[in-house]
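A.B. asks: Read off the chains here:
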Amino acid sequence: AQTVTQSQPEMSVQEAETVTLSCTYDTSESDYYLFWYKQPPSRQMILVIRQEAYKQQNATENRFSVNFQKAAKSFSLKISDSQLGDAAMYFCASTTKAAGNKLTFGGGTRVLVKP
Amino acid sequence: EPEVTQTPSHQVTQMGQEVILRCVPISNHLYFYWYRQILGQKVEFLVSFYNNEISEKSEIFDDQFSVERPDGSNFTLKIRSTKLEDSAMYFCASGGDRYNEQFFGPGTRLTVL
Numbered sequence: 001a002q003t004v005t006q007s008q009p010e011m012s013v014q015e016a017e018t019v020t021l022s023c024t025y026d027t028s029e030s031d032y033y034l035f036w037y038k039q040p041p042s043r044q045m046i047l048v049i050r051q052e053a054y055k056q057q058n059a060t061e062n063r064f065s066v067n068f069q070k071a072a073k074s075f076s077l078k079i080s081d082s083q084l085g086d087a088a089m090y091f092c093a094s095t096t097k098a099a100g101n102k103l104t105f106g107g108g109t110r111v112l113v114k115p
Numbered sequence: 116e117p118e119v120t121q122t123p124s125h126q127v128t129q130m131g132q133e134v135i136l137r138c139v140p141i142s143n144h145l146y147f148y149w150y151r152q153i154l155g156q157k158v159e160f161l162v163s164f165y166n167n168e169i170s171e172k173s174e175i176f177d178d179q180f181s182v183e184r185p186d187g188s189n190f191t192l193k194i195r196s197t198k199l200e201d202s203a204m205y206f207c208a209s210g211g212d213r214y215n216e217q218f219f220g221p222g223t224r225l226t227v228l
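Protein sequence lines correspond, in order, to chains F and D. Mapping the first sequence onto our numbering, position 6 (from 1) lands on 6, and the numbers just tick up by one. If you want our numbering, it's the position in the second sequence, counting the first as 1, plus 115.
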């Protein structure tokens, strides 16, 4: 079974600064995908970034980047140059080939952006 | 840009009533999912659907739940006899590739009184 753990219930960042969100996962599978989803107050789930486990290069998407440490089963999200619109809940999620196509989510981290 | 849509955005029902939540996935997608999120909690997988049948379901998805793809566009979740604990946000998602990202709809907020 997959598990995804986010140890930070809430993180606060000053506008234009950088914040890093932690995520650890557990799986015995070698073929898996990792994701970060953003959930603003509207509660829509928006895909921020994805990482294939077989790729060593860390994924980046504009101001969002990940630090994928496969041996440590760690998948942190870095938000650079934070903007007020980045304020939201952020969920880490994983899916594995063995688990079929279902996503397993972490408990979420609330990001507050201070002007 | 194609998107997943869901209706209604908010459904209020009495305990014991049947509800049907509707979703229109992205048109060329083949994999469909329902998730739910109880307020303040994590998002939980309910069921996945492929090739006109359920491919996987969670422990939450008991006999009170069913899914259907009645035509080429809609994907529905039915709860036969709602309970108070069914109150949650229900998300539909679709995917074009089995292990690729899933695109989520805006959700239906279900309130059971």
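Warning: the hint list may mix true and false statements.
Claimed, not checked - Okay, derived cross-link-like pairs now, BS3-like style, lysine-lysine, Cα gap no bigger than 27 Å in a straight line:
hint, chain 1, residue 1, chain 2, residue 2
1, D, K157, D, K193
2, F, K73, F, K55
3, F, K97, F, K73
4, D, K172, F, K114
5, D, K157, F, K97
6, F, K114, F, K78
7, F, K78, D, K193
8, F, K97, F, K55
9, D, K198, D, K157
10, F, K78, F, K55
11, D, K157, D, K172
12, D, K172, D, K193
13, D, K198, D, K172
14, F, K97, D, K198
15, F, K70, F, K55
16, F, K70, F, K97
17, F, K73, D, K198
18, D, K157, F, K70
Think of the hints as simulated: they come from the structure by calculation, not from any bench. Just so you know, these numbers come straight off a predicted model, no measurement behind them.
A.B. asks: Enumerate the violated hints, using their earlier numbering and listing them in ascending order.
C.D. replies: 4, 7, 14 and 17
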